[in-house]
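Trainee: Spelled out from the first residue to the last, the chains are:
Protein chains: 2
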Amino acid sequence: MKNKYFSVLPIGGVEEIGSNMTMIRSHNEDIIIDCGMLFPHEDCFGINYLIPDFSLLDPTRTKNIIITHGHEDHIGALGHLLKEFPDLTVWVTPFTLHLIQRKLEEHKITMKYQMYKPGQELAFKDVDVIPVHVNHSIPETSGLIVRSKKHEWGALYISDFKVDLHSKHELPIDFNTIKNKLSECNQTAYFIDSTNVMYDGKTTSENELHADLAHLMNRSENRLFITMFASNVHRMNAIASLAKASGRKIVVMGRSLWTYMESAREAGQTQIKEDELFKPDQVKGQNGKMLIFLSGCQGDFLSALRRFSFGEDGTFKPVPGDVVIFSSKVIPGNEKKIFRIYNKLTQFGVEIITAYDYSIHASGHPGKEDLKLLLKNFTPNFYFPIHGESYMLRKHAEFIKRDYPKVSPHIIHNYQEVILGDGEIKVEDHDVKEPRLIHGKAIEIEKTQISQRRKMATQGAAFVSYHRSSGHIDISTVGLPLMAEDHKEQLIKRLIKQIQSDLATRDEKYFKDQLKISTRQFYNHLLGYKPVTEVHLY
Amino acid sequence: MKNKYFSVLPIGGVEEIGSNMTMIRSHNEDIIIDCGMLFPHEDCFGINYLIPDFSLLDPTRTKNIIITHGHEDHIGALGHLLKEFPDLTVWVTPFTLHLIQRKLEEHKITMKYQMYKPGQELAFKDVDVIPVHVNHSIPETSGLIVRSKKHEWGALYISDFKVDLHSKHELPIDFNTIKNKLSECNQTAYFIDSTNVMYDGKTTSENELHADLAHLMNRSENRLFITMFASNVHRMNAIASLAKASGRKIVVMGRSLWTYMESAREAGQTQIKEDELFKPDQVKGQNGKMLIFLSGCQGDFLSALRRFSFGEDGTFKPVPGDVVIFSSKVIPGNEKKIFRIYNKLTQFGVEIITAYDYSIHASGHPGKEDLKLLLKNFTPNFYFPIHGESYMLRKHAEFIKRDYPKVSPHIIHNYQEVILGDGEIKVEDHDVKEPRLIHGKAIEIEKTQISQRRKMATQGAAFVSYHRSSGHIDISTVGLPLMAEDHKEQLIKRLIKQIQSDLATRDEKYFKDQLKISTRQFYNHLLGYKPVTEVHLY
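Protein chains in written order, with the numbering used here: chain A, 1 to 538; chain B, 1 to 538.
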């Protein structure tokens, strides 16, 4: 390859949904896009979240990170990044800045930042970056156009978007800038959101929800509850103003909803005044018409929705006549948690309304018809599906191949660097680094340790100590059936017999290992599984 | 209530899907319907399954159990029941008998049984039971008509069914018998399946799948893989004969598929001959046209599908050009496991075909249109939704109330007894007994112990021992981040300081408790969570 202009290297967010982080690499510097967290896969074992590995980042080359929007899978690992790279300049918009600062303050981390505006040209050493306004399910979302200085190459990078031409809340996606800026380039590539690509149609506009939401707000019941993704400020604005129009007092229950509303207010993204929103204890015992926002539409364990649904909230108890509206979808993997909430509410006699009953939820990601609008506006030479699991990336690439024979789609993975050169592209592999697991006080925990937790979770634990000079043995078990207690004497006898016949002459390590093996075998015979066993010897 | 004829008392399967078990109680005896297992809810922690509590069963009154069909949620707890009530007579049909006997033999349990035929009248002390053939996703499924001796009351109990009027594999649901037998009764009640009630339409016939399955079998690729629910013998018959017709060798991978096929052969429910099915090692290295059945369509951990998809099978490795067909649906809660398999297969270059792409899966449960056909055939006086979660039961009852104003629907829970008396019904509450958790060698484990496992899983464990006379302390941790190792000396110093200043004079219990508290506080300060801690003192 003769001339390399710049390259795009995702280190998170491709072949998975979450932990979005991408490097734009050029001759003299590396620019980062986003730094998000990933929520754990099949079982958590206490893991709060995962973050990308930062070892590819070179502090001498990496001075800037551009944040496209304020979702956790784009900003959630920023605190970790800034601890390791405190000199980075973070490029943000007002609403996202408030969200980030709130989180950083909690962890006492400071950051250098620069504000950007959509359409503005940010000049870096070898490339210019032009943020472009796009529609999504959170305010102030940008796609990024990256161009080499002499426009040999232009790339459009949009990890999250939809096309909403009729929103009352925000401008439509800025197709003009995309077209104008990319038309000036010799070669072009798209890096595009795959989340909703299995959907053939056009993603619903937020606007199209208003009729049904208004209808629901006008119901005769005094108490309407509604749950939704807290970050969808536009939706919350719309619902609150409909509730106000129908004479309802607006109550907000749940910290995340308050946080987003406050950030929205500070950034001018909401018309709802502070004194129009009530905290639950401000309306305790009142009986008038209310709309109560509940955080936790995914059934999260400590959320307002779950607390209310289980009858565990101090202010609001579910009673027949209550209505709970789910202005949200079920994220795959959360079905059981959410169905359990449906069931609990039903048992209390509460009516449940979901997006199956009314048009009250719209995705923030593009269906195939949204993608067609994007490609109709401007058709690039190369195309890379991102922001999706492998299965979706493949379906996305197949769709492009079938419907746009002139565009060349490529499936890439995390740690595959797309190098944009004269009239060609090259894909170069880097060693794949697994995301890092974070638990508790933002501390990393190793995979080996998680597998120990899994073993204790599924097989319990036994602690054995032996005092040689007195011959005393003590055994504790945790997480074994109570019937195992009845067999402890038997185990002790067996261990003592073994010690007398064989072990006393051996070295400490062998001695310990044998006690461990015997204990595990004993329980395996009794229960059908071997508890994790630790031995102390005196 | 003047005369009580009999009552229906569900002790499992209502307000949940699984562990189906119902008592038919009359003056002189109790008859059991089914005895199934429930798969665990949100997190398993090693739990294999749950079984109903049997404490309401009185051995002097309970002599008979009738099995409606061979799904695990109807027969899976039978072994446990027969251990406690070995004198029960189990009423079965041939296919179900084979399935049950296979399982009981593994656990060396014998049973007394009687065969029944659909349409046959089984005479018990106070009631007659007439099994009625219904359609479902496993052969030989029956509904049960229960009638008092003089036909004052007739109840139809169908926990699982669909209406399939065009199946090539079995007769349609026997509407005539239902109509004839219930028409002879003064009062009637239905107890009916709610699983698929959210679906407004008519559940697809197995027959309607043949066209697309045939199309897929005729694809040009040599290796087609297909996964499905192993118990759907009719589907497997259909697929195997289509594969045979398209010149494919049929390979069966996975124990459950073999088991169901063998039971089907013994019961005359399949035309596929033993020598037409190959085991994987019989075709190892062969390259001809094949159809390979894979067990584990829900992504189960040790299944053939998962092993294959992760590239861990000894015989078949996934390669580009392979096609995997999912003739199944995703059971809620299994999304992540199954999406992970889609992703793994995609990464190997395998093409995936699901019921979204072709009509290759049909539910075994009734949509609203199926229910309408049942009610059109015969309309009862009372109606009780069963076999569903609370939310579905409510939607089912609302549907009946709206569309059948003359029918009186009632929502009942497990442990609510529906007493059928002269011209009226009464619902009586019993103490609710929680299902029992089973792990390992079919041993019950208590909820308290599971919550210990949960704590170890999410917070790790620490084991501390102290020898007073030598002053030696030993600490082991399991499932804590490796950085915690570096702080162990610090913890030991802290504990020793505490012992010297305060503890030496105290009693053993206090001493132990303080060591435990200090250890947990130390880790909480370091990590943000407290490991489960056990202390031994010498």
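The set of hints was computed from the structure by calculation and includes no laboratory data.
Take these hints with a grain of salt, some might be off.
[Said to hold, decoys possible] Calculated cross-link-like contacts (lysine-lysine; reagent style PhoX-like; alpha-carbon spacing at most 25 Å):
| # | chain 1 | residue 1 | chain 2 | residue 2 |
| --- | --- | --- | --- | --- |
| 1 | B | LYS125 | A | LYS337 |
| 2 | B | LYS108 | B | LYS2 |
| 3 | B | LYS344 | A | LYS433 |
| 4 | B | LYS368 | A | LYS329 |
| 5 | A | LYS488 | B | LYS2 |
| 6 | B | LYS368 | A | LYS336 |
Just so we're clear, the structure is a prediction, and the values are computed from it rather than from any experiment.
Trainee: Check whether the Cα positions of B/LYS344 and A/LYS433 lie no farther apart than 25 Å.
Mentor: holds (18 Å)
Trainee: Is the straight-line distance between the alpha-carbon of A/LYS488 and that of B/LYS2 25 Å or less?
Mentor: violated (56 Å)
Trainee: Against the 25 Å threshold, does the CA-CA distance of B/LYS368 and A/LYS329 hold or violate the hint?
Mentor: holds (24 Å)
Trainee: Below or equal to 25 Å on CA atoms is what counts here, so check B/LYS368 against A/LYS336.
Mentor: The hint holds at about 23 Å.
Trainee: Compare the distance between the alpha carbons of B/LYS125 and A/LYS337 with 25 Å, and conclude whether the hinted pair is satisfied.
Mentor: Violated: B/LYS125 and A/LYS337 sit about 44 Å apart, past 25 Å.
Trainee: Are the Cα atoms of B/LYS108 and B/LYS2 separated by 25 Å or less?
Mentor: violated (47 Å)
The structure is inconsistent with the numbered hints 1, 2 and 5, although it conforms to all the rest.
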